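Undergrad: Per full-length UniProt numbering, the sequence shown starts with residue 1, numbered consecutively.
The hints are simulated quantities; they were obtained by calculation from the structure and are not laboratory data.
Computed from a prediction, not measured in an experiment: that's the story for all the values here.
Each hint should be verified, as a subset may be incorrect.
[Claimed, not checked] Cut-off 25 angstroms, straight-line C-alpha distance, at most; resulting in silico cross-link-like pairs (BS3-like, lysine-lysine):
| hint | residue 1 | residue 2 |
| --- | --- | --- |
| 1 | 91 | 52 |
| 2 | 52 | 62 |
| 3 | 91 | 62 |
[As the list claims (entries may be wrong)] Beta-carbon label-pair distances, calculated as ranges:
| hint | residue 1 | residue 2 | range |
| --- | --- | --- | --- |
| 4 | 83 | 29 | 14 to 20 angstroms |
| 5 | 36 | 62 | 28 to 34 angstroms |
| 6 | 41 | 91 | 29 to 35 angstroms |
| 7 | 10 | 69 | 20 to 26 angstroms |
| 8 | 37 | 15 | 25 to 31 angstroms |
Just so you know, even glycine gets a beta-carbon here, dropped at the ideal spot from N, CA and C.
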Amino acid sequence: MFEIREYTIERMRDPYGILAGERYELFLELEVDEEDELYMEEGVRLRIVYMKGEDGAARIVKYEFLNAGTGAYIDMEMTEEEEAFIDSFCKEQIEQPIEE
Numbered sequence: 001m002f003e004i005r006e007y008t009i010e011r012m013r014d015p016y017g018i019l020a021g022e023r024y025e026l027f028l029e030l031e032v033d034e035e036d037e038l039y040m041e042e043g044v045r046l047r048i049v050y051m052k053g054e055d056g057a058a059r060i061v062k063y064e065f066l067n068a069g070t071g072a073y074i075d076m077e078m079t080e081e082e083e084a085f086i087d088s089f090c091k092e093q094i095e096q097p098i099e100e
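Could you build the full structure based on these sequences and the hints that come with them?
TA: Spelled out as structure tokens, the structure:
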């Protein structure tokens with residue numbers, strides 16, 4: 001498991017109105033235990049594309065772990081517990097006012 005140290009959130013634009021609902025991109029700076037296989041000395045970031053549908057339902061559309069030092073993709077998946085934690089965190093954040 002990991003902890004969130006800091007994050008950024010940005011509403012993604014759909015200039016053509018093709019996608020239903022709203023999309024958000026979040027970058028989370030993670031604190032990962034040294035014993036965890038996800039641990040990297042340079043640090044780990046988690047990029048998330050999160051969607052809030054027109055019906056109000058919200059979910060993770062896509063996520064990827066990144067090496068914080070190089071930006072390189074890390075081929076790892078979240079556990080169910082981690083995904084539930086991140087989903088809950090994202091849901092809370094999109095309900096807050098977002099600076100444009």
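Undergrad: Work down the list of hints and note, for each, if the structure agrees.
TA: Structure-based check of each hint:
no.	hint	result
1	91 - 52	holds, 9 angstroms
2	52 - 62	holds, 13 angstroms
3	91 - 62	holds, 14 angstroms
4	83 - 29: 14 to 20 angstroms	holds, 18 angstroms
5	36 - 62: 28 to 34 angstroms	violated, 22 angstroms
6	41 - 91: 29 to 35 angstroms	holds, 31 angstroms
7	10 - 69: 20 to 26 angstroms	holds, 22 angstroms
8	37 - 15: 25 to 31 angstroms	violated, 40 angstroms
Checked against the numbered hints listed earlier, the structure breaks hints 5 and 8; every other hint is satisfied.
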